[in-house]
Amino acid sequence: MIFGLRIGPLVAAVLVFLAAIAAVVEPARALERNFAGSAQLDYHFVPTTKDAKAFPRAFDGFTMEFAGKLAVDFSEKVSANMKVCYGCHGFEADMMYFDIRIADELNFRVGRFSPSFGAFNLRHDPANHRLSDKPLPYDMGRMLRMRQWNMSVLPSPFPDNGIEINGSRFIGQSVQLDYAVYGVTGFKADARPLDVDFKLSRSPVTYYVDNNGRPTVGGRAALTYSLGDSSDVTLGASGMFGTYDPENRETYLIFGGDLSMRFDRTNIRVEYLARRTTFDTSDRTVFKYVVADDRGDFFMKHGAYAEIEQALTSELDLIGRVDGMYRVGNIEAASELARRSSVIRYTVGTAYAIERGLRLKFSTELWDFSDREIVSGRRVDLGMHAALAGSF
Amino acid sequence: MTARPTARFVDLARALRVVAGALVITACSGARTEGLDANKLPEDVRADYDIFARRCSKCHSLARPLTSGITDDQQWVMYVNRMRRQPGSGISYEDQERILRFLRYYAADLRQKEAERKGAPPPPAPAVVPLDASAPPASAVFPEPATRGDGG
Numbered sequence: 001m002i003f004g005l006r007i008g009p010l011v012a013a014v015l016v017f018l019a020a021i022a023a024v025v026e027p028a029r030a031l032e033r034n035f036a037g038s039a040q041l042d043y044h045f046v047p048t049t050k051d052a053k054a055f056p057r058a059f060d061g062f063t064m065e066f067a068g069k070l071a072v073d074f075s076e077k078v079s080a081n082m083k084v085c086y087g088c089h090g091f092e093a094d095m096m097y098f099d100i101r102i103a104d105e106l107n108f109r110v111g112r113f114s115p116s117f118g119a120f121n122l123r124h125d126p127a128n129h130r131l132s133d134k135p136l137p138y139d140m141g142r143m144l145r146m147r148q149w150n151m152s153v154l155p156s157p158f159p160d161n162g163i164e165i166n167g168s169r170f171i172g173q174s175v176q177l178d179y180a181v182y183g184v185t186g187f188k189a190d191a192r193p194l195d196v197d198f199k200l201s202r203s204p205v206t207y208y209v210d211n212n213g214r215p216t217v218g219g220r221a222a223l224t225y226s227l228g229d230s231s232d233v234t235l236g237a238s239g240m241f242g243t244y245d246p247e248n249r250e251t252y253l254i255f256g257g258d259l260s261m262r263f264d265r266t267n268i269r270v271e272y273l274a275r276r277t278t279f280d281t282s283d284r285t286v287f288k289y290v291v292a293d294d295r296g297d298f299f300m301k302h303g304a305y306a307e308i309e310q311a312l313t314s315e316l317d318l319i320g321r322v323d324g325m326y327r328v329g330n331i332e333a334a335s336e337l338a339r340r341s342s343v344i345r346y347t348v349g350t351a352y353a354i355e356r357g358l359r360l361k362f363s364t365e366l367w368d369f370s371d372r373e374i375v376s377g378r379r380v381d382l383g384m385h386a387a388l389a390g391s392f
Numbered sequence: 001m002t003a004r005p006t007a008r009f010v011d012l013a014r015a016l017r018v019v020a021g022a023l024v025i026t027a028c029s030g031a032r033t034e035g036l037d038a039n040k041l042p043e044d045v046r047a048d049y050d051i052f053a054r055r056c057s058k059c060h061s062l063a064r065p066l067t068s069g070i071t072d073d074q075q076w077v078m079y080v081n082r083m084r085r086q087p088g089s090g091i092s093y094e095d096q097e098r099i100l101r102f103l104r105y106y107a108a109d110l111r112q113k114e115a116e117r118k119g120a121p122p123p124p125a126p127a128v129v130p131l132d133a134s135a136p137p138a139s140a141v142f143p144e145p146a147t148r149g150d151g152g
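Top to bottom, those sequences are chains A and B. Note that the working numbering gives residue 203 to position 203 of the first sequence, counting from 1, and the numbers run on in steps of one. Note that the working numbering gives residue 73 to position 73 of the second sequence, counting from 1, and the numbers run on in steps of one.
It should be emphasised that the hints constitute simulated quantities derived from the structure, not laboratory data. Be aware that a few hints might be false.
What the hints assert, rightly or not - Pair ranges (Cβ atoms, derived): (1) A/T266 with B/D37: 13 to 23 Å; (2) A/R372 with B/K40: 52 to 62 Å; (3) A/T251 with B/K40: 56 to 66 Å; (4) B/Q74 with A/L312: 35 to 45 Å; (5) A/L235 with B/G69: 56 to 66 Å; (6) B/D37 with A/G228: 22 to 32 Å.
Claimed, not checked - Partial list, derived from the structure: chain B residues whose beta carbon lies under 7 Å from chain A: (7) E34; (8) R54; (9) S57; (10) C59; (11) A63; (12) R64; (13) T67; (14) M83; (15) P87; (16) G88; (17) G90; (18) E114; (19) R117.
Stated by the list, open to error - Covered, in the sense of this in silico footprint (three residues per stretch, anywhere, with C-beta under 8 Å from a C-beta of chain B), are these stretches of chain A: (20) 131–137; (21) 223–232.
All C-beta atoms, glycine included, are put in the ideal place defined by N, C-alpha and C.
If we strip away everything but chain A, and leave its shape as in the complex, we get (with noise of 0.2 Å):
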């Protein structure tokens, strides 16, 4: 015991990770680099917004993201990920880890990157995906009245500092097993908050460190079956736990589903995940109900999506995607939404090829709110993207 801390476990970890890092040392060898990028310009067009200035209910517009990443192999055991990103919050350092194999079953990610969590991160690049905004569960500012419902669960990506421990096994040619467990900043606000502040997360002002020391904990694993050379399905289960104000007296638990089924040239993908978020209760005035004295210090937003994607032809896909998002609890006076609020979209789009890695994307969505509008008193609203994609 130092300081009252029990130092065994972290010893034992830290021996493990200089064994690791002596185990996969080799001859050095020419360095094997590839650089890679993607780029979207998407106009995103809301009819039935009242102001034209609808900023900051909606990103009505054109809105604009690069991403430029190198990924360096030093050896067979050792590389590095570099990617830096431009969007709506100037430039970010998506990635920037490396990675130390032991084996296809034990990686240590170290650095900057997103901890794994859910089937949709994997594909968070506009470029790999068809249709120009995110499911709403991971949506991160392109949804309509984002600063009432505070964003998403989980926007993605959500680059965080820290050290992860993943792996992937097969079993014979048709299984294969993927697991993650990682120890993250997590996710931050200052002190006696009501919900996440994702702009303090990302923000420079406060340092890109902890605002609290704890680190933020979680984990993943999936199962892959091959149902021959174009189909297969992947079944995941995700968590994650953590505080995030700076005294640690708030807590948040995400966790979800996920299935990801591919038959021929049909996607089908369905995903739940859900957050549940304590508050500071120490002011009751500010909030908009009765605070209960019992289990009336939380609120749970529950997010999820089903979507199809359907190539018609070499060039052309046909996506349709229903998702949305339903919250439950109190919430400060001043917001628009009640104590259970729900949005559902519904979206169809279509993405088509017009160059190697270069695709047209146009979709329409569907919005229907629990709540009306304060100033329109709506509770639809009407959304079309149009987006020029690429990827190389």
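Please build the complex by placing chain B on the supplied structure of chain A, with the hints as guidance.
Relative to chain A, chain B alone:
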């Protein structure tokens, strides 16, 4: 400053006309798929290309590998290894070998085109590793292709 919804629809209609015009021009110029035209590949390569196309398009566009410009076989080995380890990739060791056989062919094709462009003598044919010891030798599996793939 507010804009009436009808005025906004007029703007949208104009934008859509521009987009439709662009689509027509694109269609007339002959759209291409994200991947290669399998019919233009040698018959022996098509099955491996098919595995490459199906596995690698699960998470990203096929343009990623096809436009990467990688012509070094060893670099492809590391690249595909990295992809195989991605969660849920579905790329088994057997798939990896088949994907690499296609990529070796593809890399050799790129090298040859590059040599032809520079006017240098063509490099040797791709060295193909058979899936197992009982497999036919590489030269039998991948003779010099009579028809070049759409190597971009």
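Okay, the hints, checked on the actual structure:
| no. | hint | result |
| --- | --- | --- |
| 1 | A/T266 with B/D37: 13 to 23 Å | holds (22 Å) |
| 2 | A/R372 with B/K40: 52 to 62 Å | holds (58 Å) |
| 3 | A/T251 with B/K40: 56 to 66 Å | holds (58 Å) |
| 4 | B/Q74 with A/L312: 35 to 45 Å | holds (39 Å) |
| 5 | A/L235 with B/G69: 56 to 66 Å | violated (36 Å) |
| 6 | B/D37 with A/G228: 22 to 32 Å | holds (23 Å) |
| 7 | E34 | holds (5 Å) |
| 8 | R54 | holds (5 Å) |
| 9 | S57 | violated (10 Å) |
| 10 | C59 | holds (6 Å) |
| 11 | A63 | holds (3 Å) |
| 12 | R64 | holds (6 Å) |
| 13 | T67 | holds (5 Å) |
| 14 | M83 | violated (10 Å) |
| 15 | P87 | holds (4 Å) |
| 16 | G88 | holds (5 Å) |
| 17 | G90 | holds (5 Å) |
| 18 | E114 | violated (18 Å) |
| 19 | R117 | violated (19 Å) |
| 20 | 131–137 | violated (count 0) |
| 21 | 223–232 | holds (count 5) |
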